[in-house]
Every structure is written in C-alpha cells, then in structure tokens.
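Enquirer: Listed below are the residues making up each chain.
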Amino acid sequence: AQSVTQLGSHVSVSEGALVLLRCNYSSSVPPYLFWYVQYPNQGLQLLLKYTSAATLVKGINGFEAEFKKSETSFHLTKPSAHMSDAAEYFCAGNTPLVFGKGTRLSVIA
Amino acid sequence: DGGITQSPKYLFRKEGQNVTLSCEQNLNHDAMYWYRQDPGQGLRLIYYSQIVNDFQKGDIAEGYSVSREKKESFPLTVTSAQKNPTAFYLCASSIGTGGPDTQYFGPGTRLTVL
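So the sequences go chain by chain: A and E. Mapping the first sequence onto our numbering, position 67 (from 1) lands on 67, and the numbers just tick up by one. Here our numbering runs 1000 ahead of the position in the second sequence, where the first position is 1.
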C-alpha cells in the first residue's frame, strides 16, 4: 500500500525567502501525486499534480514540485514566500488519495 | 457556479445521538469521498463512492454510515458507535476515471460532541 510522508509538521520562513516543503512516497508502481493547500477552517485547494507527463510540475500561486523517482520524492517549492502563503500544505498520492499529515507554513515579515 | 456544498458549517451533538452531515455537488462527478481531519493527523478516508448505489469503506469507517441514492448527494451519518466523533469533516468529489483524478473539496463541517 502506498504511503506519503511529509517531513516537518511546521516550517517557518521569512517573507521573500525560498519555501521548501518535503514529501516522500512509497510505492511499487508509478504514483499519482498531488499538493493541496488549506487555509484555516476551509476545504482543500489543489496546488498542482503529477501524472507522469513531466517531472517538473508548475502549479498555482508560483509553486512548483519536482518528481524524483530515484529519491521517491515530490518536494514543493516556491522561490519567494509571501505572507499570503501561510497555510497548511498536504501531499497526497494514489487513488483513493492517501494524505500526508500536513506541514504548516508560517511566513515571518 | 459549480462546486461542492457542505452543511451545516458547525454542528453540535450530544453524546449518544446520531447526526447526518450533508454533501452536495453540481460538478456532475461520479466519485465522492468523505474524510475526517484531526490536528496533526492529516486527512483520513472514511467512505468513498464511485457510482450511485455503491460505496466502499475507507481506513476509518467504523461508527460511520453513508448512502449514495443520487449522483449529486453523499450524506454521512456519524452514529453513536463512533467513540470520538469531534473533528473536521471534509467531502470531496472527482470525475471518477480511476486515474489521477483531481479531487475537489467542500468547505467542511466542524462537528463537536458536547
């Protein structure tokens, strides 16, 4: 069974700094991988998804993620953090979706 | 506007009572899902349905029940058998091809047991 692991339950960055949120997956077959964002007391919104078409996936709000099979990773990055990026981020994979436990991103002014 | 609606947004229940959470979608999606979210636990799948009149248990189905009589609706009942029902409940839907479907989420219902 596939599992998804997010490293770090809380990440804090300064405004304008690089955002890096880590996700590793375990699977014996090519996975479907997603990143979602959740603002307080709201549902989840899709940031981006990997479907094997390209290893570098660009999403909304300037986020992107790179699928690395050799490292079984799908880390989420953004070159420059903005205050509005503060939220909880979830990595998920497969069908039905299996979610990581989430990483809360704080952005410091 | 197409989307997923969940009602109510906040729900309070006394111990021993059953309660039903509503989920409706007008996206014409075949598949619908229910998740439970607890702090630090991520989302855990309760039930999912890929077609009308059919549904499957997820990882934490005990103490919950669902029905799928209409394509648009997938209500979740939290029964008195659920030992710790206080949580944030999220409904989602997807096209349902069995491949890398994007799941679209509703705004959630926060259930508190008093």
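Don't take each hint at face value.
Residues from chain A that face chain E, not an exhaustive set, calculated with beta carbons under 7 Å [as the list claims (entries may be wrong)]:
| # | residue |
| --- | --- |
| 1 | G43 |
| 2 | L46 |
| 3 | L48 |
| 4 | T51 |
| 5 | N94 |
| 6 | P96 |
| 7 | F99 |
Just so you know, the hints here were simulated from the structure itself, not pulled from any lab data. Heads up, the beta-carbon is just placed ideally off N, CA and C, and yes, glycines get one too.
Enquirer: Would you mind marking each hint as holding or not holding in the structure?
Expert: Structure-based check of each hint:
Because the beta carbon of G43 (chain A) sits about 4 Å from the nearest beta carbon in chain E, less than 7 Å, this interface hint is met. Below 7 Å, beta-carbon pairs count as interface contacts, and L46 (chain A) has one with chain E at about 6 Å; its hint therefore holds. Hint status for L48 (chain A) relative to chain E: violated, with the closest Cβ pair at about 10 Å, above 7 Å. For T51 (chain A), the suggested interface contact is upheld, since its CB lies about 4 Å from the closest CB of chain E, less than 7 Å.
At a threshold of 7 Å, the smallest CB-CB gap from N94 (chain A) to chain E is about 9 Å, leaving the interface hint violated. Below 7 Å, beta-carbon pairs count as interface contacts, and P96 (chain A) has one with chain E at about 5 Å; its hint therefore holds. Of the supplied interface hints, the one on F99 (chain A) holds, with its beta-carbon coming within about 4 Å of a beta-carbon of chain E, less than 7 Å.
Violated hints, in rising order: 3 and 5; the structure is consistent with all others.
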